[in-house]
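Protein chains in written order, with our numbering: chain A, 1 to 622; chain B, 623 to 994.
By construction, these hints were calculated from the structure, which means they are not laboratory data. This structure is a prediction, so every number in the text was calculated from the model and none was measured. Careful: at least some of the hints might be erroneous.
Claimed, not checked - EDC-like mimics (lysine to aspartate or glutamate), calculated; alpha carbons at most 16 Å apart, straight line: (1) Lys-656(B) with Glu-585(A); (2) Lys-595(A) with Asp-659(B); (3) Lys-595(A) with Asp-662(B); (4) Lys-593(A) with Glu-648(B); (5) Lys-601(A) with Asp-659(B); (6) Lys-594(A) with Asp-659(B); (7) Lys-578(A) with Glu-743(B); (8) Lys-601(A) with Glu-838(B); (9) Lys-431(A) with Asp-468(A); (10) Lys-651(B) with Glu-589(A); (11) Lys-651(B) with Asp-468(A); (12) Lys-595(A) with Glu-743(B); (13) Lys-350(A) with Asp-321(A); (14) Lys-593(A) with Asp-660(B); (15) Lys-593(A) with Asp-659(B); (16) Lys-266(A) with Asp-308(A); (17) Lys-656(B) with Asp-605(A); (18) Lys-593(A) with Asp-662(B); (19) Lys-601(A) with Asp-662(B); (20) Lys-72(A) with Glu-178(A).
As the list claims (entries may be wrong) - For the chain A half of the interface with chain B, some residues (derived, Cβ under 10 Å), not all of them: (21) Met-568; (22) Arg-572; (23) Thr-588; (24) Gln-600; (25) Lys-601.
All C-beta atoms, glycine included, are put in the ideal place defined by N, C-alpha and C.
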Amino acid sequence: MSSIKEKFNQISPSEFFYSNRDLAGFSNPTRSLYTAVREFVENALDACDQKGILPDVHLTIKAVDPEKPDPKPYILTVKDNGPGIDAEHIPLAFGTVLYGSKFGLKQARGMFGLGATMAILYGQITTNKPVTVKSSVDGATQHIFELLLDIQKNKPVIVQHTTKEVSKKGLTVSICLEGDYSKAGNKIRDYVYETSLITPYASITFDDPKGQKFSHPRFVKEIPPPPTIIRPHPHGIDVERIRRMIVESQFEIPTIDDAMIEKVRKDLGLSAKSFSFTGIMEKAKKKWKTLPRQVRVVIALMSFLKMDFDKLSKIRIEDIDMPNNKLFYWDFGESQSNSIDMDPESPYYKQLTNTVQGEPLTTFLTKRFQRIGPTTAVKFAEFAGFKPEKRMGTLSNEELVQLSDSLQKFEDFMAPDSTCLAPLGEDPLEKGIKKFFNPDFTAVVQRPPSAYSGFPFIVEMGIAYGGDIKSGGPHVYRYANRIPLLYDEGSDVVLKVVNDTDWGRYKVKGDPPFIIVSHICSTRIPYKTAGKENVADRQEIERELRLALQFLSRKLAAYMSKRGQADMAKKRANLYAKYIPLIAEFCTELAGKKKAPNYQKILDDNTVESKKVEEEKEIENN
Amino acid sequence: MKTTKEQSKINARSKKADEKQKNILEMLKSHGAKIYDDLDNGQFPKFSIPSRSVSNIVYDKKLRQYILGNNAAIRNSRNSAQLRSFTQLMWLAFFANRLTHEKKSSTLRDVYYSSQAFAIEFEDQSESDNIIVDLEAVTSKPREDFHIFPEERSSIFGDLNIEYTIPGYEGKTMNLSNHPDGYSIGPSLTTAELVDTSAEIVIAIEKGGLFTRFVEEQIDKKFKSIIINTGGQAPRSTRTLLKRLHDEMGLPVIVLTDGDVYGEHIAMVIKSGSANAAHLRELTVPDAKWVGVWATDIEKYKLPTIPMTESDIKRCYDLQKDPRYQDGIWKKELDVFLRLKRKAELEAFSKYGLTNITDKYLPQKLELAKSL
Numbered sequence: 001m002s003s004i005k006e007k008f009n010q011i012s013p014s015e016f017f018y019s020n021r022d023l024a025g026f027s028n029p030t031r032s033l034y035t036a037v038r039e040f041v042e043n044a045l046d047a048c049d050q051k052g053i054l055p056d057v058h059l060t061i062k063a064v065d066p067e068k069p070d071p072k073p074y075i076l077t078v079k080d081n082g083p084g085i086d087a088e089h090i091p092l093a094f095g096t097v098l099y100g101s102k103f104g105l106k107q108a109r110g111m112f113g114l115g116a117t118m119a120i121l122y123g124q125i126t127t128n129k130p131v132t133v134k135s136s137v138d139g140a141t142q143h144i145f146e147l148l149l150d151i152q153k154n155k156p157v158i159v160q161h162t163t164k165e166v167s168k169k170g171l172t173v174s175i176c177l178e179g180d181y182s183k184a185g186n187k188i189r190d191y192v193y194e195t196s197l198i199t200p201y202a203s204i205t206f207d208d209p210k211g212q213k214f215s216h217p218r219f220v221k222e223i224p225p226p227p228t229i230i231r232p233h234p235h236g237i238d239v240e241r242i243r244r245m246i247v248e249s250q251f252e253i254p255t256i257d258d259a260m261i262e263k264v265r266k267d268l269g270l271s272a273k274s275f276s277f278t279g280i281m282e283k284a285k286k287k288w289k290t291l292p293r294q295v296r297v298v299i300a301l302m303s304f305l306k307m308d309f310d311k312l313s314k315i316r317i318e319d320i321d322m323p324n325n326k327l328f329y330w331d332f333g334e335s336q337s338n339s340i341d342m343d344p345e346s347p348y349y350k351q352l353t354n355t356v357q358g359e360p361l362t363t364f365l366t367k368r369f370q371r372i373g374p375t376t377a378v379k380f381a382e383f384a385g386f387k388p389e390k391r392m393g394t395l396s397n398e399e400l401v402q403l404s405d406s407l408q409k410f411e412d413f414m415a416p417d418s419t420c421l422a423p424l425g426e427d428p429l430e431k432g433i434k435k436f437f438n439p440d441f442t443a444v445v446q447r448p449p450s451a452y453s454g455f456p457f458i459v460e461m462g463i464a465y466g467g468d469i470k471s472g473g474p475h476v477y478r479y480a481n482r483i484p485l486l487y488d489e490g491s492d493v494v495l496k497v498v499n500d501t502d503w504g505r506y507k508v509k510g511d512p513p514f515i516i517v518s519h520i521c522s523t524r525i526p527y528k529t530a531g532k533e534n535v536a537d538r539q540e541i542e543r544e545l546r547l548a549l550q551f552l553s554r555k556l557a558a559y560m561s562k563r564g565q566a567d568m569a570k571k572r573a574n575l576y577a578k579y580i581p582l583i584a585e586f587c588t589e590l591a592g593k594k595k596a597p598n599y600q601k602i603l604d605d606n607t608v609e610s611k612k613v614e615e616e617k618e619i620e621n622n
Numbered sequence: 623m624k625t626t627k628e629q630s631k632i633n634a635r636s637k638k639a640d641e642k643q644k645n646i647l648e649m650l651k652s653h654g655a656k657i658y659d660d661l662d663n664g665q666f667p668k669f670s671i672p673s674r675s676v677s678n679i680v681y682d683k684k685l686r687q688y689i690l691g692n693n694a695a696i697r698n699s700r701n702s703a704q705l706r707s708f709t710q711l712m713w714l715a716f717f718a719n720r721l722t723h724e725k726k727s728s729t730l731r732d733v734y735y736s737s738q739a740f741a742i743e744f745e746d747q748s749e750s751d752n753i754i755v756d757l758e759a760v761t762s763k764p765r766e767d768f769h770i771f772p773e774e775r776s777s778i779f780g781d782l783n784i785e786y787t788i789p790g791y792e793g794k795t796m797n798l799s800n801h802p803d804g805y806s807i808g809p810s811l812t813t814a815e816l817v818d819t820s821a822e823i824v825i826a827i828e829k830g831g832l833f834t835r836f837v838e839e840q841i842d843k844k845f846k847s848i849i850i851n852t853g854g855q856a857p858r859s860t861r862t863l864l865k866r867l868h869d870e871m872g873l874p875v876i877v878l879t880d881g882d883v884y885g886e887h888i889a890m891v892i893k894s895g896s897a898n899a900a901h902l903r904e905l906t907v908p909d910a911k912w913v914g915v916w917a918t919d920i921e922k923y924k925l926p927t928i929p930m931t932e933s934d935i936k937r938c939y940d941l942q943k944d945p946r947y948q949d950g951i952w953k954k955e956l957d958v959f960l961r962l963k964r965k966a967e968l969e970a971f972s973k974y975g976l977t978n979i980t981d982k983y984l985p986q987k988l989e990l991a992k993s994l
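Chain A with its partners taken away, still in its complex shape (with noise of 0.2 Å):
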């Protein structure tokens, strides 16, 4: 038996990960590098964003020896002036794999801060170097620390801890890996240039191997309203999701020992000295508002059992039998197994009923889900074929699974709460566009929400036209959660939307100097890898990028034929110039004058104004 259980002996999620670092993007030298400084640059925005703070971000890389050929170990900082992490927290947050503080249900650039790990640990197994982070909350003590990761165990090793004087809160982390710059160079600017144009209110810095600096300034000072955490939509959740929310729900019956008993003692406000049964229960009854759930089910147990706190130090409760209303206990004293009768018409049964059978499924609903009121609760519960008093904890695994499709499949839940997403908004994107590209043309439109299998997502888009746009268009940059999206291009929805468009229909010809950007806003993006660099053809996120699309097509088009209009008007004027001249050349010798006709009115008419000019037809005189 023995030796069948080591086989199965748990891997640590460090382990994990080691084992499967390509699933989170860091399969070679090339590719890890620009990864790592993604995750990293993410999380630093990330944790601005959340704080409301206007972020300074600055990426240094240098290689550790300059003149060794590619790929090399390089040390990676990311400086930012946001929060920074509690120094308790930061071996935890840096040294473990699966610890974030982004576990809610709201818009953020990564989900689970898995990324920043993933680049210690790789940055770790290539270089056998620590990570060093630095940390000041509060502007005057910075933390640093140096972690090693044990991969077995799953737990931060702290080889140096020390503190500074510093005037500026913020974090910087740097890690030290291997990577090939000569190789992911051009990614790594392409992403520090299109992450600028997405976080406008940003400003990001970064200084290349080769000594260059490319500097982007925020040119928006209005940070976007960060995003709510809110409850899961019915839509988006599964049985495993269910099952963990039944979980949270539901409250184990506390260990009644000396230590719950001194603590319900002291909630009733009652003295040391020992009271009455009755006395108890009268205490219990006016302060039972104010009592913290714990306290509710021991005095509840005490109902039932009709004890006293000397009496009830001396049982273990050994089960609570809700359907035939027994109780059982051990009896230290006695030492044997009893049992009593509860009244299932005593107002503290319901109180020992949510606690171990957990809540009515209506209270579930409408407690754990967003947007689900009592009415349509009850329609659910219907709909599904369960009773609306119906208890989480009683729920079979069938009944789980049934409950779980029902909710998938009825309609009448209101549209997913979008005040979780975070979009850039209209005006910063259209600011952007003109910054970056100094167009002849810009429009921008952002949709209304809208959701696909129970997550909320916005679509923001622009388009813009002419300028410093180089010909050869449209580029399309991509943004998902304001996270640029530079490799796999082919297989993006965006991309399919965009070349299905017949942009002739919309009087782009040709070459043309046109560029798209793309926003993608969403609790979860649905990506089609893990490496997060394209996302998966929706069919509800298709449609709204469709309809985004066609919105701004037709206001180019608008644009375009007013331009073709100005531009024939141009050329028109400048036919005229060339040849009018000609022609009154000529006709001054034809009809033997010396001094040439005054034709310049007609040229000052036609350069000014663009008249439309009728053509005349054929004259038919038959």
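With the hints as your guide, set chain B onto chain A.
Leaving out everything else, chain B in the frame of chain A:
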């Protein structure tokens, strides 16, 4: 020393040439003045130009030639699509004006190149040729009147005295039987005055080879004729000359061509013009007669033949729709060609001896022409 009578004749002739030149210059001037005034008044100049589209080419039975109908197009300098060709036409008028003033001649090719000195770009010569036709259409004058000539390829031989009007040769005369290779019909000959002739008929032949044979065989003397080589489809200068020989010297004109549908049409164009030149009226000899080689001659003279090609046959069907081929010899011969589906060249007579054509065939045809 010339007699006073002769002198006054010469004066009259040169006066006539001057008159013609003056008319041309006046006309160009009036066109130019109109454009000038438009520009000076702040207006985009425009003019009307007879439409040369197929739908506007009609056959005039009275004139016995194709003419343009009443459809006209406005060419407006305001229309940017027409501005370039408008300017080109203006330049051409300007250029023609200079040529006429200076009594200089130029070829179509010259025109194409001369334009480049004035920043007038013609894409190719066919574009400039087209503009020349435009000028002809607007003024109803052939380009030769503006001293613009095609490349020369036709020639003339026979007892005809002419007097040059071109600069440097004014008053100089020439007899056109002095040189056995004949004289090419160029600007100087086209503009020359026709003084006198002993000939009684003009024989136009399609081919240079036969022209040489006719000169060798002294057809000019034997039949008192002027021989003209049209070099295939007769150029307009040659047609003008034919017309003048007929109108001014009172000579009948007969045409001798290959025995095929193209030959028949060469004769027809001399007689009644082509659709291409429907805008011009001074190019036809309505009384000209086609004397051979007819389709019926092929059988009659047992000429060696070659089969018609597909395009020959197609051409026959096309001409059947032409109003001029609806009766008489024209219709009859065309029908026989279509029946035979074979053709014979002028040289086919060589089967019966090199001089067979001049000794036997020609005399018969000349005799026949009198009754046509």
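Comparing the hints with the structure gives:
Taking the CA atoms of Lys-656(B) and Glu-585(A), the gap is about 14 Å. The hint holds against a cut of 16 Å. A distance of roughly 12 Å separates the Cα atoms of Lys-595(A) and Asp-659(B); the hinted pair therefore holds under the 16 Å criterion. A C-alpha spacing of about 11 Å is found between Lys-595(A) and Asp-662(B), which places the hinted pair at or below 16 Å, so the restraint holds. Between Lys-593(A) and Glu-648(B) the CA atoms are separated by roughly 14 Å; this keeps the pair inside 16 Å, and the hint holds.
The straight-line distance between the Cα atoms of Lys-601(A) and Asp-659(B) is roughly 13 Å, inside the 16 Å bound, and the hint therefore holds. With a CA separation close to 13 Å, the supplied pair Lys-594(A) and Asp-659(B) stays within the 16 Å bound. A hinted pair counts as satisfied when its Cα atoms are at most 16 Å apart, and Lys-578(A) with Glu-743(B) qualifies at roughly 12 Å. A C-alpha spacing of about 68 Å is found between Lys-601(A) and Glu-838(B), which places the hinted pair above 16 Å, so the restraint is violated.
Note on Lys-431(A) and Asp-468(A): the hinted pairing holds, with a Cα-Cα distance of about 15 Å set against a maximum of 16 Å. For the proposed pair Lys-651(B) and Glu-589(A), the alpha carbon gap of about 9 Å is at most 16 Å, so the pair holds. With a C-alpha separation of about 53 Å, the suggested pair Lys-651(B) and Asp-468(A) falls outside the 16 Å cut-off, and the hint is violated. Between Lys-595(A) and Glu-743(B) the CA atoms are separated by roughly 25 Å; this puts the pair beyond 16 Å, and the hint is violated.
Simply put, Lys-350(A) and Asp-321(A) have alpha-carbon atoms about 13 Å apart, close enough for the 16 Å limit, and the pair holds. As the CA atoms of Lys-593(A) and Asp-660(B) are separated by approximately 14 Å, the hinted pair is consistent with the 16 Å bound. This hinted pair checks out: Lys-593(A) and Asp-659(B) have alpha carbons roughly 11 Å apart, not beyond 16 Å. Of the pairs offered as hints, the one joining Lys-266(A) and Asp-308(A) holds, with about 15 Å between alpha carbons and a cut-off of 16 Å not exceeded.
Simply put, Lys-656(B) and Asp-605(A) have alpha-carbon atoms about 21 Å apart, too far for the 16 Å limit, and the pair is violated. For the proposed pair Lys-593(A) and Asp-662(B), the alpha carbon gap of about 12 Å is at most 16 Å, so the pair holds. Between Lys-601(A) and Asp-662(B), the direct Cα distance comes to roughly 9 Å. Compliance with the 16 Å bound is thereby established for this hinted pair. For the proposed pair Lys-72(A) and Glu-178(A), the alpha carbon gap of about 5 Å is at most 16 Å, so the pair holds.
Because the smallest distance between the Cβ of Met-568(A) and any Cβ of chain B comes to about 8 Å, under 10 Å, the interface hint for this residue holds. Hint status for Arg-572(A) relative to chain B: holds, with the closest Cβ pair at about 5 Å, below 10 Å. Proximity of Thr-588(A) to chain B holds as hinted, the smallest CB-CB distance being about 6 Å (cut-off 10 Å). Proximity of Gln-600(A) to chain B holds as hinted, the smallest CB-CB distance being about 9 Å (cut-off 10 Å).
Hint status for Lys-601(A) relative to chain B: holds, with the closest Cβ pair at about 4 Å, below 10 Å.
Of the numbered hints given earlier, the model fails hints 8, 11, 12 and 17; all others are met.
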